[in-house]
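Student: Sequences listed follow chains A and B, in order. Taking the working numbering, the leading residue of the first sequence gets 330, the next gets one more, and so forth. Taking the working numbering, the leading residue of the second sequence gets 797, the next gets one more, and so forth.
Hints were generated in silico from the structure; no laboratory data involved. All values reported here derive from a predicted model rather than from experimental measurement. Each hint should be verified, as a subset may be incorrect.
Quick list of in silico lysine-lysine cross-link-like pairs, DSBU-like style, CA-CA up to 30 Å [to be verified]:
id	chain 1	residue 1	chain 2	residue 2
1	A	K341	A	K396
2	A	K445	B	K824
3	B	K898	B	K981
4	B	K824	B	K982
5	A	K467	A	K400
6	B	K824	B	K919
7	B	K824	B	K937
8	B	K981	A	K396
9	B	K937	A	K467
10	B	K981	A	K497
11	A	K497	B	K919
12	B	K919	B	K984
13	B	K893	B	K824
14	B	K898	A	K445
15	B	K893	A	K467
16	B	K937	A	K497
17	A	K497	B	K898
18	A	K497	A	K400
19	B	K981	B	K824
20	A	K445	B	K984
21	A	K445	B	K937
22	A	K396	B	K982
23	A	K445	B	K893
24	B	K898	B	K984
25	A	K497	B	K984
26	B	K919	A	K445
27	B	K890	B	K981
28	A	K467	B	K898
29	A	K338	A	K400
30	A	K396	A	K467
31	B	K981	A	K445
Taking CB as the label site, the calculated pair distances span [as the list claims (entries may be wrong)]:
id	chain 1	residue 1	chain 2	residue 2	range
32	A	A441	B	A894	50 to 60 Å
33	A	E398	B	K982	42 to 52 Å
34	A	L349	B	K982	50 to 60 Å
35	A	V350	B	K919	53 to 63 Å
All residues carry an ideal CB built from backbone N, CA and C; glycine is no exception.
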Amino acid sequence: MPIQETMSKELKVLNIICVLVVIASLALIVVTAVTSGDLLTIDTLFIMTMCLLMAVVFAVSPLLYLKSEGKLPLPGMKKLSTSAPVAAIEDGSVHAAAVESHEVVHEDIHFAGTNKLFVSIWIWLVGLTLLEIVLAYKTMPITFMLVILLGLSIIKAALIIAYFMHLKFERLSLIVSIVPMLVVCICLLAIFFPDSFRSSNLRYKFQEDPPVAPAPVEEP
Amino acid sequence: MSTEARAGHFPAVDWNGGAFPYRVGHRKLGMWLFIVSDSLTFSALLIGYAYLRASNNWPTPFPFYPSIVFSSVMTFCLLSSSLTMVFGVSASAKGDKAGARKWILATMFFGAAFVVLHLIEWKHLLDEGLRPFFLPEHWAKVFTLADGTPPTALFGATFFAITGLHMFHVATGLIYLAVVAARVKKLKHEDVEISGLYWHFVDLVWMFVFPLIYVLSVDMHGALGH
């Protein structure tokens, strides 16, 4: 059997195993969420974060495979996969030139994005901030408010990271090395948040009568 | 032939990057790693704040004027400074060093405006009597619950710690940008880009500090009679 065929078979098996692990992890998240009764406890959050981590780690290989085949059903991904070979050729030529001059050239400037794009991102950011300020004066349960505000903040952060910090235009390996690690670490920190409800119940309750020392028992 | 040059013979797809796997220089990668670690510092502080907030009777004292107006204008300043910084990096990428310096100076102007406005806002609160471990007396009275639970004095501690650390980052960034602006003709494009990364990160952190600290603690019903 030619080596290419064996490799493609192995790749298929590997991807099937990965997809199965992803599905199992996601299923465990759903089961935990449905059966736990109380979502906001450290145990539940910890199990769910761990399952999510497993799902993400095992999803990387199948997703990269799909991307290399150009089958990833995401808008913008087609452009990425078709432009990748071009970038590879450019890289190759830059380094080939460096080889000739026996000197490595680091100044390989690739700056994408126009000023018009950056201004429109800025307008979005200012608009979302105004929305936050308007929301501040709407009466709603604090949990709703927190979820909406955090959602808006994450959108704003993503816009800043992707366009202003230029991460969208960097190589995929850099994005994959930096972003998931950070997200997982922050989730692990956030797991301890539900403990605050327990700690608030430990507090001295003011509505009860203050404790009184028991009357001394008289010796018979 | 250096290792890096040899790596260039192979096609650079996403995972077999050879000696240059991220296509960024070591300085830029270092800044990215610093940003990751620093964002964990801020996440820890903000999650600690959320923890204290959920387990205590938390005062919500910020009036529309001055606190919310000031913090909104400060947000606007930081967002605009990010825009001017992007313009600076873009000019530098085109080799227009003078333009890059001009835009970096504009960034510094907005950054300095942020620090000045923030210090004025701090002074409002300090004048009211807020300290890291004490609430002003009238706040303590107004925010005491019906069952007698007093508001927590940790409000000041979290407020000054988080906004103070952020302000320290902005001030450090101003010094950093001043150095970059002064030496822009000698620096490579990548160095300008790295200073931009740091500045955008400072902006990014404020996108979480502003809603969590200010917007969630608005004195909606005018309890303090502002």
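Student: Hints the structure violates: just list their numbers, smallest first.
Tutor: The structure conflicts with hints 5, 6, 7, 8, 11, 12, 15, 16, 21, 22, 26, 28, 30, 32, although it agrees with all the remaining ones.
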